[in-house]
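Chemist: Kindly generate the complete structure, drawing on both the sequences and the hints.
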Amino acid sequence: MYEAGEIKTFNPNKEISREIILEVLIRHRDAFKQARTGELVGIPVEKISDNQRKLNQVRALNLIIAAQREMITLSRPTVSFRSHHTWKQKFKKDEDQELNPFHDKTGATVIYDCDYKKLINWNSFLRSCEDAIELADQTPSLDDDFMRTKTDSEGEEQNILTSNFKDMLDDLESSYEQIYLLMLTNKIVSAGIEEDEELTYKEQENEAISRIKEA
23 MYEAGEIKTF NPNKEISREI ILEVLIRHRD AFKQARTGEL VGIPVEKISD
73 NQRKLNQVRA LNLIIAAQRE MITLSRPTVS FRSHHTWKQK FKKDEDQELN
123 PFHDKTGATV IYDCDYKKLI NWNSFLRSCE DAIELADQTP SLDDDFMRTK
173 TDSEGEEQNI LTSNFKDMLD DLESSYEQIY LLMLTNKIVS AGIEEDEELT
223 YKEQENEAIS RIKEA
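First residue of the sequence shown? That's 23 in my numbering, and the numbers climb one at a time after it.
Keep in mind that the hints were calculated from the coordinates and are not lab data.
These numbers come from a predicted model, not from an experiment.
Even for Gly, the Cβ is constructed at its ideal location relative to N, Cα and C.
It cannot be assumed that every hint is accurate.
Per label pair, the in silico range of CB-to-CB distance [what the hints assert, rightly or not]:
(1) 121 / 207: 20 to 30 Å
(2) 41 / 185: 32 to 42 Å
(3) 65 / 45: 19 to 29 Å
(4) 152 / 121: 28 to 38 Å
(5) 139 / 44: 24 to 34 Å
(6) 116 / 51: 43 to 53 Å
(7) 48 / 188: 23 to 33 Å
(8) 112 / 212: 22 to 32 Å
(9) 165 / 51: 26 to 36 Å
(10) 171 / 123: 50 to 60 Å
Taking lysine-lysine and the DSS-like style, the derived pairs with C-alpha atoms no more than 30 Å apart in a straight line are [what the hints assert, rightly or not]:
(11) 188 / 140
(12) 69 / 188
(13) 110 / 139
(14) 140 / 115
(15) 112 / 209
(16) 76 / 172
Modeler: Below, the structure written as structure tokens:
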């Protein structure tokens with residue numbers, strides 16, 4: 023029996039898949055901890071100044087984005103295959119497939135509403151987050167910054183996190199939940215939930231989300 027929150031993979035080369043996926047998920051966990059607290063793995067928190075912690079928090083955004091994009095990269099072949107197979111099962115006749123295409127005419131954009139389309143959309147979202155961080159670094163405007171520096175009454179500079187940082191961190195928490203849910207529903211990973219025939223698919227999905235939030 024698997025404990026709640028345990029990760030197991032369903033790929034043929036199970037041990038390699040487990041090692042790769044776990045490594046990415048652990049990096050994502052550590053990056054999120056860094057974003058929330060400013061702590062770095064292996065460095066005692068008392069040795070990190072308050073200003074450095076704030077800087078670490080902002081830097082963690084890129085680490086989170088990178089980990090989530092790796093989750094998508096690992097998932098794309100399986101999710102693409104399963105979504106395409108479902109589409110073919112639903113539209114078996116050539117004329118039905120022509121009326122309900124999987125891709126657009128160029129083959130570059132997924133039209134059919136499926137998990138693969140959702141995964142690609144989340145990848146686009148993560149690219150937009152990367153662009154926002156890069157823009158904040160390049161522009162002189164303070165409005166798009168994720169951290170500001172102000173001088174206190176004693177003349178010391180203090181790093182202050184902005185609402186942009188907090189909003190992006192919230193968005194990245196939501197994107198992780200949805201990407202991980204796609205990995206769950208496509209059997210790339212398992213949260214260790216025992217299959218219960220009495221549970222509906224929606225109930226299993228809600229249970230998966232609940233366990234992800236509690237992990």
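Chemist: All the hints need checking, so say for each whether the structure fits it.
Modeler: How the hints compare with the structure:
The beta-carbon spacing between residue 121 and residue 207, approximately 26 Å, falls within the hinted interval of 20 to 30 Å. Between residue 41 and residue 185, the C-beta spacing of about 38 Å keeps the proposed range 32 to 42 Å intact. Between residue 65 and residue 45 the C-beta distance comes to about 20 Å, which sits within the given range of 19 to 29 Å. The given range of 28 to 38 Å is respected by residue 152 and residue 121, whose C-beta atoms sit roughly 37 Å from each other.
At roughly 27 Å, the beta carbons of residue 139 and residue 44 sit within the given window of 24 to 34 Å. Distance hint check for residue 116 and residue 51: the Cβ-Cβ separation is about 47 Å, which falls inside the suggested range of 43 to 53 Å. At about 24 Å, the CB distance of residue 48 to residue 188 agrees with the hint of 23 to 33 Å. Distance hint check: the CB atoms of residue 112 and residue 212 are about 26 Å apart, consistent with the given range 22 to 32 Å.
Between residue 165 and residue 51 the beta carbons are some 31 Å apart, a value that agrees with the proposed interval 26 to 36 Å. Between residue 171 and residue 123 the CB atoms are about 52 Å apart, so this pair conforms to the stated range of 50 to 60 Å. Taking the CA atoms of residue 188 and residue 140, the gap is near 24 Å; set against the 30 Å cutoff, the hint holds. Between residue 69 and residue 188, the direct Cα distance comes to roughly 24 Å. Compliance with the 30 Å bound is thereby established for this hinted pair.
Proximity of residue 110 to residue 139 is assessed by CA-CA distance (about 15 Å); at most 30 Å being required, the pair is judged to hold. At roughly 25 Å between alpha-carbon atoms, residue 140 and residue 115 fall within 30 Å of each other, so this suggested pair holds. Between residue 112 and residue 209, the direct Cα distance comes to roughly 20 Å. Compliance with the 30 Å bound is thereby established for this hinted pair. Of the pairs offered as hints, the one joining residue 76 and residue 172 holds, with about 13 Å between alpha carbons and a cut-off of 30 Å not exceeded.
The structure is consistent with each of the numbered hints, conforming to all of them.
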